[in-house]
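Participant: Now for the letters of each chain:
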Amino acid sequence: MNGSREVILGRIRRALLRPGPGQGQEHGSLNGVQSSSGRVDPVQLFGQFQEQSERVGGEPRLCTDSEEALRGIQDLVVAAAYRRVAVSNHEICRRHRLAQVLSDLLPEVSLWIEEGNSDSGSSRRRNSRQLAQADLSITGAEFLIAESGTVLIASTGSSRQISLLPTAHLVLATPDQICPDLAAVFQQLGTAPEEGRLPAALTMITGPSRTADIEKVLIKGAHGPVRQLTWVIGRL
Amino acid sequence: MNVSLFIPCLVDQFFPSVGINLVKILRKVGVSVDYPREQTCCGQPAFNSGYHEEATQLARRFLEVFGDAETIVSPSGSCTSMVKVFYPEILQDVGLRKSLQAVTDRTHEFSDFLVNVMGIKDLGATFPHRVTYHDACHLFRELGVHRAPRELIRHVRGIELVEMENSDACCGFGGTFSVKFPEISTAMTQDKSAAILKTEAEYVVANDSSCLMQIGGYLSRQGFPIKPLHLADLLGENL
Amino acid sequence: MNRSPSQFKILASENVADQRLRNTFQSATGHALGQRAQSVQLVPEWEDLRERAHRIKEETVEHLDFYLEKLEASVIRRGGRVFWARDASEASNYVVNLCRRLQAPTVVKSKSMAAEEIGLADALESGGVEPVETDLGEFIIQVAGETPSHIIAPALHMTRQQIGKLFHEKFGIPYTDVPAELCAFARQRLRREFLSARLGISGVNFAAADTGTIVIVENEGNARLCTSLPRVHLAIMGLEKVIPRFADLPLFLKLLARSSTGQRQTSYVSMISGPRREQEWDGPEEFHLILLDNGRSDILADPRMRRSLYCIRCGACLNTCPIYQRVGGHSYGSVYSGPIGSVLTPLFQGLEVAKDLPYASSLCGSCSNICPVKIDLHHQLLWLREKLVSRRATPWQERLAMSLFAAGMKDPTLYRMGSALLRLLLKVSGRGNRPFAVPGWSPTRDFPALAETSFKQWWEDNRPGGEG
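Chains as they are written, first to last, in this note's numbering: chain V, 1 to 236; chain W, 1001 to 1239; chain L, 2001 to 2468.
Quick caveat, the hints were computed from the structure, so don't treat them as lab data.
Check each hint, because a few of them may be wrong.
[What the hints assert, rightly or not] Label-pair distances were calculated between CB atoms; the ranges are:
1. L:E2125 / V:D65: 55 to 63 angstroms
2. W:V1179 / L:P2174: 48 to 56 angstroms
3. W:L1239 / L:P2435: 54 to 62 angstroms
4. W:S1099 / L:A2301: 28 to 36 angstroms
5. W:G1223 / L:G2030: 24 to 32 angstroms
6. V:D65 / L:Q2279: 30 to 38 angstroms
7. L:A2301 / W:E1160: 21 to 29 angstroms
8. L:S2089 / V:E6: 53 to 61 angstroms
9. L:E2460 / W:E1163: 36 to 44 angstroms
10. V:P19 / L:Q2103: 25 to 33 angstroms
11. L:G2030 / V:V40: 43 to 51 angstroms
12. L:E2452 / W:P1088: 33 to 41 angstroms
13. L:L2042 / W:E1163: 35 to 43 angstroms
The beta-carbon is built from N, C-alpha and C at its ideal position, and this holds for glycine as well.
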């Protein structure tokens, strides 16, 4: 808090003594959320997610079970000749015992496992440098949004940098995480936001990092991952 | 029905045929036409340049002159929008509210009047030519009128309407803008003209004489044979 | 390259004559408009969304003090710090002092119009701190010593060859004009900065008062890096960026992404509520939010101009503006260009400095028509013109002409007589009704001839006997 606070608020209050152009709404009389509610067929939802993700250069895929997903990761790493793979400590990665299975499946790959979250600033910086070297990272997500092909991740699920620094980022998810649109996601968050139960960072990712700053030419991988993969594991 | 003509000063002084043809059209559809002789200018030139005091005086005059009119019809989308959209913004006095409301409600741009008030699309005109239509900014965006003029054109016998690219892009006139920023204004007209020429039409039709003055002025300076034509002239001359 | 809004006329006429620049802007804005149109078409309730957003912004701005205090409380509750800055120097000093405390020789910065507005980069440099722009476009123009020419695409005015040459000269890398290679170079170079910087600075697209969440919308990922890696994150926002509720975000995000780039969603949307929490993996230990006034409370004081504070900086009004399309962003001599710039710059920098800007519009209305929060932009320009006139800041010749015009038009007899007299004079002088040469008009366009008989005269002469 500082001296200018009162000055600025005073100016604002004086300014607002003059009525504005509209009627001035009641506080809280309007709400931005408006979801296309109603049940949606999961096949259709995934179909829409897939279409939208592909449209922006994402790589969505449906894996019927854990085994298919794990084999898929193996193929992906081999095909792209990825040397360093980072695995987050997200619940879904633990559930599929990724760290263990991948070290068995891909002995030649150097695996980096994200663990512990009470680390100091210096070890976080070490992690940053490690992750900046990684070819691929694997994390989970909180929600998938069909309307835009978006995945929503939280800073409580895994670190912020693991989904950001590596060259490719693979998100693992389940069919029940797919929501039709952002408004539906917000509805699912319920009263958590108002009650202050939001992670420090919620991030929506839609396709790979991109820029068109040079002559409007679209380039992938401006600062973040060049590839963004989202695999939904399970039957629809 | 009694219609009072609202003839903008530009039409009065430079393009009287537009008014004359409008009279012809209105009589043809069976309304009686009156021209309140005390009218001059709606005040738009002053208003658009920021001279709102002058504009307000002229707006008040307009309300006096047209206060008793049953219906007011004008061959200009721009001047009609001055009355319908901008008068309410500058005439804030409570005392005028009622007469203002009455006048704005009863004022119509002529194509809008013919199609949406009278329900007439076919005036029986014949014009065996290829034309393209320019959406004047105020008519299009302030008044939302774009179907009516096209309906009227399509019902002309022998006519061929070819749409240009970005028909709703500004022609570059903008009142004093055209002389305050001649380079930008001309660049806009240049692009508008290119879109017009691409249609290979013989005439470019619009419902505002000011746009036609800008487009026509550029086209004739460049020596292009394509002619500017007000919709009232197109319809009235060829009945 | 310090341009001033007072130079608009000169800069604009130079730039409109530069055919390459004009093509660049026309094709880029045309492309953006096409993308936007496509994505908006898929939202049948678009008009309804615009109306809702307008109402929410209205609600916010009409109770701005309430929502700012609420925002402040929410940010503090989440462990963040809030600084209220009256003007550019207060804001800049705060950042410079923060850098000193952190002993940060460099800061990484993502795109922020508010930071541009207050010249934060220059202030940091004078304070001995190196600001590193990390948005590719911003990075390019920083290296070039330029200013942004578009809200969304700051380096829009530069060609790939110019950028290739620039990188070759400044960094000694082999010349290339392949955009992907230029981008890869920037990525690699900036990674080093991200990994070592202690302070990351970002802008704010929206700030939700109820949760203290700031939202940053981007495509490159540099804002994520700025807000994730350094030990401290500082965000700077104009006061008007506050929105009442976290729950309003789906609406505003939908409008912003589609209006600015035609995307359904930008690549990244970061919703940040305070610093890293205890049980989280990483993220900044400190979060600072600067609430910048810098003239906004003055804008608020004029009810007619208040709507300009609804702006969400999408850039759509620039893209659709026929003037912006032809003169480009630099002509405006200010960080804000296009129609919103023509409204904001005179309000921020003073009408006298920017008196051409309110007139730099044909009032075609396409800006108001496209604005996702329905700001009546071209009406705002009209009010600014009126302000200029009431301050007698327009040329005396124009004032005189307008008084004469009004006097003549107020009196129908005078009008009639003038009209007749003019025609008589033309006849007597032997000039006939040949067109006049009108300054400003006639060099490029023919002016129409005065009609021999005015409509008024025709009506008199043909007074309808039996009309109806």
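Participant: Determine for every hint whether it applies to the structure shown.
Facilitator: Hints, one by one, checked against the model:
1. L:E2125 / V:D65: 55 to 63 angstroms: Holds: the Cβ-Cβ distance is about 57 angstroms, inside 55 to 63 angstroms.
2. W:V1179 / L:P2174: 48 to 56 angstroms: Since W:V1179 and L:P2174 have Cβ atoms about 51 angstroms apart, the given range 48 to 56 angstroms holds.
3. W:L1239 / L:P2435: 54 to 62 angstroms: Given about 29 angstroms between the Cβ atoms, the range is violated.
4. W:S1099 / L:A2301: 28 to 36 angstroms: At roughly 32 angstroms between Cβ atoms, L:A2301 and W:S1099 fall inside 28 to 36 angstroms, so the hint holds.
5. W:G1223 / L:G2030: 24 to 32 angstroms: 28 angstroms, holds
6. V:D65 / L:Q2279: 30 to 38 angstroms: 31 angstroms, holds
7. L:A2301 / W:E1160: 21 to 29 angstroms: This hint is violated: roughly 56 angstroms between Cβ atoms.
8. L:S2089 / V:E6: 53 to 61 angstroms: With Cβ atoms ~18 angstroms apart, the hint is violated.
9. L:E2460 / W:E1163: 36 to 44 angstroms: 40 angstroms, holds
10. V:P19 / L:Q2103: 25 to 33 angstroms: Taking Cβ atoms as reference, V:P19 and L:Q2103 lie about 50 angstroms apart, which means the hint is violated.
11. L:G2030 / V:V40: 43 to 51 angstroms: 36 angstroms, violated
12. L:E2452 / W:P1088: 33 to 41 angstroms: 38 angstroms, holds
13. L:L2042 / W:E1163: 35 to 43 angstroms: Given range 35 to 43 angstroms: violated, Cβ gap about 23 angstroms.
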